[in-house]
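A.B. asks: Based on the hints, put chain Y in the right spot on chain U.
Heads up: the protein sequence lines correspond to chains U and Y, in order. Be aware that the first sequence starts at 216, since it is given in our numbering, and climbs by one per residue. Be aware that the second sequence starts at 4, since it is given in our numbering, and climbs by one per residue.
Be aware that one or more of the hints could be misleading.
List time: in silico SDA-like cross-link candidates among lysine to any residue, alpha-carbon distance up to 25 Å [stated by the list, open to error]:
id: 1; chain 1: U; residue 1: 560; chain 2: Y; residue 2: 144
id: 2; chain 1: Y; residue 1: 232; chain 2: U; residue 2: 543
id: 3; chain 1: U; residue 1: 487; chain 2: Y; residue 2: 141
The following residues of chain U were derived to be distant from chain Y, with all beta-carbon distances above 12 Å [what the hints assert, rightly or not]:
id: 4; residue: 284
id: 5; residue: 320
id: 6; residue: 343
id: 7; residue: 353
id: 8; residue: 436
id: 9; residue: 493
id: 10; residue: 536
id: 11; residue: 537
DEER-style ranges, computed between Cβ atoms [as the list claims (entries may be wrong)]:
id: 12; chain 1: U; residue 1: 616; chain 2: Y; residue 2: 207; range: 25 to 31 Å
id: 13; chain 1: U; residue 1: 318; chain 2: Y; residue 2: 28; range: 32 to 38 Å
id: 14; chain 1: Y; residue 1: 268; chain 2: U; residue 2: 343; range: 53 to 59 Å
id: 15; chain 1: Y; residue 1: 37; chain 2: U; residue 2: 339; range: 56 to 62 Å
id: 16; chain 1: U; residue 1: 612; chain 2: Y; residue 2: 338; range: 20 to 26 Å
id: 17; chain 1: Y; residue 1: 129; chain 2: U; residue 2: 332; range: 51 to 57 Å
id: 18; chain 1: Y; residue 1: 19; chain 2: U; residue 2: 540; range: 55 to 61 Å
Calculated from the structure, these hints are not laboratory results. Beta carbons: idealized from backbone N, C-alpha and C, even for Gly.
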Amino acid sequence: MPTPLLEITGLSKSFPGVKALDVVDLVVPLGEIHGLMGENGAGKSTLIKVLTGVFARDTGVTRLSGQVVAPNSPREAEALGISTVYQEVNLIPHLSVAENICIGRQPMLLGTIRWGAIVKRARAALARLDLSLDVNRQLSSYSIAIQQMVAIARALDISAKLLILDEPTSSLDKSEVEELFKKLRILRQDGLGIIFITHFLDQVYEITDAITVLRNGCRVGCFATKELPRINLVAHMIGKTLRQTEALEQTRASTATIRSEAPMLEARALGKKGSIQPLDLDIRPGEVVGLAGLLGSGRTETARLLFGVDHPDQGTIRINGHATRFRSPRSAIRYRIALTPEDRKLAGIIPNLTIRENIMLALQASRGSWRRLSLAEQEKLADKFIQSLAIKTPSREQIVRNLSGGNQQKVLLARWLATEPKLFILDEPTRGIDVGAKAEIEKLIQSLRQDGLAVLFISSELEELVRQSQRVVVLRDRRKVDELTEGAISEEAIMESIASHSVERPEA
Amino acid sequence: MIDWLSDLVFWIVFAAILFALRRQRIFWTVGALALLLLFNQFFTPGFFHLQVLDGHLYGSRIDVLNQGAKVMLLSLGMVLVIATGGVDLSVGAVMAIAAAVSSRLLVTQHQPAGIAIATALGISVLAGAWNGLLVAGFGIQPIVATLVLMVAGRGIAQLITEGQIINFLDPTMVYLGNGHLFGLPFTLTLVVVMLLLTYFLVRRTALGLFIESVGDNDEASRYSGINAKQVKFLVYTFSGLCAGLAGLVACSNIKSADANNIGLYLELDAILAVVVGGTSLQGGRFYLVGAVIGGLFIQTLTTTFYAKNVSSDIAPVPKALVIIAVCLLQSEVFRTRLARILRPLEKLLKPIGSWLSRSQATIARHDSSKP
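Just chain Y, same shape as in the assembly:
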C-alpha cells in the first residue's frame, strides 16, 4: 500500500519534471530515463521497492544513485572536455591511480585519511594537467594525448600498489562510498555538491561560454581574445579532478584498491553519458545536467540488466542497442526520417486526427470567443 502510494507520487513528480522540460534539449534524456524506469515498474518486481533500515533508505533506485555516482562524477568533467571538441579517454586509469595512491598512503604509509584523500586528488589533478598540457600546449589530438595515460595509467597504478590489491578499513575512506547522509548514500551528496560546484564554475562565470565558443570555432575564439589553450588546459585538469573523486568512491565501495579493475571501461560510460545527455561530440553547446542524467540513465540500464539476470558478459550488447536508440531519438535527421516512414500510417490514423483537430478547433473557438 505504502509502496503503491510512493510509486504514484514518484511518477507524478517525474511527469511534472518531463512536462516542465518539454521544450528543453534534455527532454529526450529524461524521457529515456522515464521509459527505462517505466519498464522496470512493470517488468522488474521489487525494483521500485523502498525500505528504511537504521534510518537509511534502501532499494534499487537508491542503488542506482549510489552506483551511478562514479559515472555521474566522471561525466561532469567529461562534458566540459567534450564541449571543447576533445575527449578524455584516461579517466578510468586516473581513477585507478587515485585509488592506488590513497590506499597505499593509508595502509602502507599509515597516513590519516585526510592526507590520503588530498594527495590522491592532487595527483589526479596533475594527471589531468598532463593531458591538458599535451592537448593545449603541444596540440596533440585529444584521443591520442589521453590514450597515452589511458594505457600507461594502469601501469602507474600497479607500480604504486606494487601489484597488490590493497584492502583498508579506515572509517573515513569507507564512509566515502558506503556512508549515509540525510538517510541517503553520501555519494549522492557528493554528486550534488560537485554538480553545483561545476555549475557555478562554468555558468556563473563566463568560462562556460568560452568553452562553448572554443569548441564551436577554435580559431574565431582566438581572434576574439579568448585564451583557447588555457580553456582547454583547464577542462582536462578539471576532468582529472572528477576522475580522482570517482576513483576514491570506487575503491571505497569495495574497501580496496584493485589497480586492474577500478574504473575499467568507465571512460566509455562517461562519454556515453555525455552523448545521451544531449552534448555533441563535435563540441560547442554542452548540457551539464543532461550529462549527469545521462550517467544516471547508463547506471539504471546496468542495474536493470543485473536485476534481469543478464550475464555481465553479454550485457554490453543490449546496452549498446538501448544507447543507439536514445541517440537516434535525439537526432533530428532520424526523427524527420521516422516521421516520413510513419506517414503511410497517417491514413489509418486520419479519422482520429480529424476528430482531434475538430475538437481542438472547437476549443479554439471557445477560447477566441472569450473577451
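The shape of chain U in the complex, shown without the other chains:
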C-alpha cells in the first residue's frame, strides 16, 4: 500500500469542559476527495483547526506524505501544502480581489510589492476556477458566492497538496456548485488530496470517494462512499435511527392550522429601489409562507424590509389591518415581529456574551433598560430554552462564540421565542446546520404554526420549503415572479417557476 498523503493517528483535543476530539484517526490517500461528516459539535471544525495549526493538539501524530508534521499556525500549514477554505468567508472585504488572493505571500521586489505580478497571479488563480472577475474591484462589491470562489482561488494559488474545504458550498447556488465540483475533479486527477466538509448529503455522494464520520469528538468509522447507503450514513452521524426525520417527511404541511383568513401581515407594493421590486405578500396566523429563489433573488432584502432594517421607498405594510411604518427593528418588534438573520455571525449572535444574556436580550430590549429582568428570571428563561430546544452546552454561562453553528442558531431562536412573537421571519434557519438540529428546527416551525404564529420561511433547500409551507412565494432577480398555493407546491413546481421566468442567468 502506498504512503497516504495524510495520515492522522490518535488525535485528541480538549477545551475547558469539552472533549472536542477523542483519539481520532483520519487517512486521505493521494488523489482522493474525502468527505468529513458529522453533526454540529462532532469535532469536524476542531479537527481541521488542529490540522492547520490554529489549535495546538493535546495528543496524536500527523503525517503528510509520510513525514511527521506539526504546524503551529495556518501559515506553517500553508507552507507545508495544507490550505483551507473555511465555512465563513475569511477574506478582507475592503481589499481588492487580487489583494485578497495574494495577501500574506505577495510577490516582492526590493521590499516593495509588485502590483503587476499580483494582478497577474490573481487572474491566473481565478482562471483555474474558470472565473473572470475584475481583480482590482473591492471584494465586498461581489456577492457572497463569488467571495467564496475567491477564497477557493486563494487556496489553489498556494501550491497545495491537501485542500480542505469546510462547507464551501453553503452559499453557492446549484450551477456554482457544479462548477466547483468540476474543478475539484480536475484537482483530484492532479493528485491533490481534498477534505470536503458539508451538510448536503447529495453533494457528499456526488463528489467524495470515501467518508469519515465523526460523532461527539469520536471517529465512528471510515467508509467507501459507494458502499455506504445514505440512511446508514445519517444513522452514523446522529447515532440513532432516523424515525424522527422520516416522520417529518411524511407530514405534509396543511392549511388546517390557519386561524383566520385575515392576514396578520399584509404588504402591498412594498419595495425599495435597488433592493427589491414592489411585491404583495400576505401572511396569516397559523400559516407558513415559504420564500423561494436563488441566491441574490431578493429574499433577504424582503425580510429586511418587513423587519424595519431597511426602509421601503414605496408601498405599505399593514399589521392586523393597521397601516404602519417601521423605522427600525425596534418598531417591528413592537408589533411582535421576530427575525433570525441569514448571517448569524454579523447580525445574530453577540459572540462574547453568555447564552443566558443572548437569550434574554430581545425580551429585555423590548422592556427597556429600567424594567430589568432579575437574574433569577433570566436564568429561568435560559434554562427553559436550553432544555426545550436541546441546546448542547455545559452551562448557561457559556460564551456563545464557543458554541457550534447549530447551537448558536438555537440560541437565536430562543432569543425571539422569549418575546412571544406573532410573526416569525426565519432567514435560512437551517443553513450550515446538521441533520439532527435541522429536524428539530423544522419540528419547531410546525409547532409554531400550530400555536397560531405567522411564519415567513426563507430557505435555499426546496425540499424543506415544500415540507413546511402552505404557500410559496417565488422570487427571481429581485422580483416576485410566482405564488404557489397548497396542492401546487412541489420541488419541481418551484424550480420550474424559478427557471421558466429566467431568460438569462440571474446575476450572482
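C.D. replies: What follows is chain Y alone, placed relative to chain U:
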C-alpha cells in the same frame, strides 16, 4: 509600633481581598496594585506612614486616594464609552471647561457656589452630548469625533476665562477638592458615591447589558431591538458629566482655574485606567470596579515617582513600562508564551514540583479517606 500594626492589618485585608478575587478578571489589576504598594512598603520610607491631624487622616496612601479621584471619576465615564467600542479623548478639555465655567461664575459673576457648580456640570453634560451626537447621530468615528472637542475644548475654556488664571476662595468650592468627611478626603466620598451611582445605573438596570451588547456586536444588537444610537449617546453624555466633576475637583485642588493645564493628558490616564482595569479597547465586557482600581493604580504609580524624586519630565517613561507590564500580565497570549519560555526552568524546579505533588497526593488521600 502603631504603624507596624496598621501595616500588618492593611496587608492582611489586602491579601484577603486578593484571595477572594482570585478567579475574577480584576485579580490582575488588584494584584498589580498590591505589587506596587509592596514595592513602596520596602523601598519608599514613609509611604505607609499615617497620621491624624485635627481628626483627619494624612499619609501617602491618603494622598493617592485624594489625587487619584480625578482619574477614577474620569474612568467611570470612560469605561462605559470604551465598552461600546468607542473612546472619549475630550475629557481633559471638558475638565478645563467645567473649571473655567465654575470659577468664572464664582469670581466674575459673583454667583453662589451651588449655581456655579450646577452650571459647570450642566455644560459638561452638554459637551458630552455633543460628542454623543457626533458619534451616534452622525456616525463619526469616536476618535475623530472626540478629538474635535479635545482640541477645541481648551480654546473654549480660554475664552471663558478670557485667558486669565482665575483664583477663588469660595469655601464650598474649596471644600470639594480639599475638604474632609469622616476623617477622609471628601473626594473619596465623591468617588464612592459616583461609583455606586454608576453601578446602579448600569448593573441594576439593563443598560450595562445593552452597552456590552452594542460594543460586542453593534449590528446584531440593532436586530435585537436595542437602540444602539441611544446607548452610545448616553455613555458619551455620562462621560461628559464625569469629566465635569473631575474638572471641579481639579480646580478646587489648586483653588484656581487654569484653562491650559487642568486635566492636561488626563484622558490618557483615564484610558489606561480602563485598560489596566481589564476592559478591552475593542468594547464589549466592561469592569467598572476594575476601571476605578486601574485609576488608583495609575495614581499610585505617579505618587511613587514623586516620592522617589523621579523628575516629572522623564516619569512617563517608567510609567509606560509599568503599564505595559500590567497589560502583558492580563494578556492570555502573553501568559501562555511566558509559560512556554519558562518551561526549561521546569527541569530545575522538577524536584520541588514532584515533592509538592507528592504531598498533595498525600493530602488528597487523606481527604478521600474521609467518609
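A.B. asks: In ascending order, which of the hints set out earlier in this document are inconsistent with the structure?
C.D. replies: none
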